[in-house]
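Student: Take a look at the letters that make up each chain.
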Amino acid sequence: MLNLFAIADTCFLIDWSYWRYRDVLFELFKTVFIPENVLREVKSENTLDWITSNLAKGKLALYTETPDIVEFATRIMEKSRLIPGLRGVDLPEGICLAVGKRRGYFVLTENRGALMAVDILEELSSVRVWRSLEVIVEAIKKKLIPGNPVDIFKSYEEDTKHFFPRRELGVVINELRGETREVA
Amino acid sequence: MNKINYWSMLEEEAREIRRKSADWKYIESLPARLKFALKYYIETGDLYVASRIAGLTIEEFNELRKKAGVPNVA
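The listed protein sequences correspond, in order, to chains A and B. Just so we're aligned, residue 756 is where the first sequence starts under the numbering used here, counting upward by one. Just so we're aligned, residue 707 is where the second sequence starts under the numbering used here, counting upward by one.
Keep in mind that the hints were calculated from the coordinates and are not lab data. Treat the hints loosely; a few may be bogus.
[Said to hold, decoys possible] Calculated lysine to aspartate or glutamate pairs in the DMTMM-like style (CA-CA distance at most 25 Å, straight line):
hint	chain 1	residue 1	chain 2	residue 2
1	A	K909	B	E717
2	B	K772	A	E889
3	B	K745	A	E912
4	A	K834	B	E769
5	B	K772	B	D752
6	B	K709	A	D874
7	A	K798	B	E769
8	B	K731	A	E913
9	A	K798	B	D752
10	B	K726	A	E782
11	B	K709	A	E877
12	B	K772	A	D845
13	B	K772	A	E800
14	A	K856	A	E893
15	B	K731	A	E912
16	B	K772	A	D906
Quick caveat, the model's predicted, so the values are computed rather than measured.
Could you put the whole structure together from the sequences, leaning on the hints where they help?
Tutor: Here it is as structure tokens:
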């Protein structure tokens, strides 16, 4: 089933836009929102072309943050800095997390602070945060990308110079292989 | 292991990967702002703040970290 909405931050989009299977994102979500500040942060022709053409198709949409979202994001920023050892969340990620909480959107980010915040801050525990790792897993489970999972993840690393932590990659590869065996 | 310790362990592993992969000769050759922004990024993995230090957009800094051989570990 297609998930409805996601909100993606810059650090996710600028790597994802270079991947050969990048459009699979739109087979997983009806619409992916991007905060307006993303447009100020992207410069390359590749990323701008991909973003603007998909804005035109309605697969991407701009999200204009409202004062209540900014207020909530600011509180998340502050809370993240009160817990020793917890990586601080900055405002751009805070806005995505606030939207994830208030609107129920999936949050697409590579930011470790955002991942830690939903794991540790009770208030955010219902927010679903996906990195490229989780998005690719979902696409593989739905058979949206052909080929061996190991090769698919390798293609992402090659195209984007992203590195999946081997411990976590090993876990998801084993899970995917287990699912394949069960189906067989 | 409690959650904070678990995340600290993951952070340290990611930091080591960034440190070992980096092209330090190239990094040291850069102007101060870019050099220190990359060093900050290697230590923290924080693209947003690193880009502010560098005076670049996030995507511009992302291209710089690729040029410096520093992977985005996530």
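Student: Going straight from one Cα to the other, do K726(B) and E782(A) come out at no more than 25 Å?
Tutor: violated, 37 Å
Student: Are the Cα positions of K731(B) and E913(A) separated by 25 Å at most?
Tutor: holds, 23 Å
Student: Decide if the proposed pair is consistent with the structure: K798(A) and E769(B), CA atoms, cutoff 25 Å inclusive.
Tutor: holds, 10 Å
Student: Within 25 Å, alpha carbon to alpha carbon, are K772(B) and D752(B)?
Tutor: holds, 14 Å
Student: Does the structure keep K709(B) and D874(A) at a Cα separation of 25 Å or less?
Tutor: Status holds; Cα separation ~8 Å.
Student: Taking only the CA atoms, is the gap from K798(A) to D752(B) under or equal to 25 Å?
Tutor: holds, 19 Å
Student: Mind checking the alpha carbons of K772(B) and D906(A) for me, to see if they're no more than 25 Å apart?
Tutor: Status holds; Cα separation ~21 Å.
Student: Compare the distance between the alpha carbons of K856(A) and E893(A) with 25 Å, and conclude whether the hinted pair is satisfied.
Tutor: holds, 21 Å
Student: Measure nothing beyond the straight line between the CA atoms of K709(B) and E877(A); if it is 25 Å or shorter, mark the hint as holding.
Tutor: The given pair, whose Cα atoms are some 13 Å apart, holds under the 25 Å limit.
Student: Take the C-alpha atoms of K745(B) and E912(A), compute the straight-line distance between them, and say whether it is at most 25 Å.
Tutor: Status holds; Cα separation ~22 Å.
Student: Would the hint linking K772(B) and E889(A) be met if the CA-CA limit is 25 Å?
Tutor: Holds, at about 22 Å.
Student: Check the hint pairing K834(A) with E769(B) against an upper bound of 25 Å on the C-alpha distance.
Tutor: Distance ~31 Å between K834(A) and E769(B) Cα, so the pair is violated.
Checked against the numbered hints given earlier, this structure breaks hints 4, 10; the rest are met.
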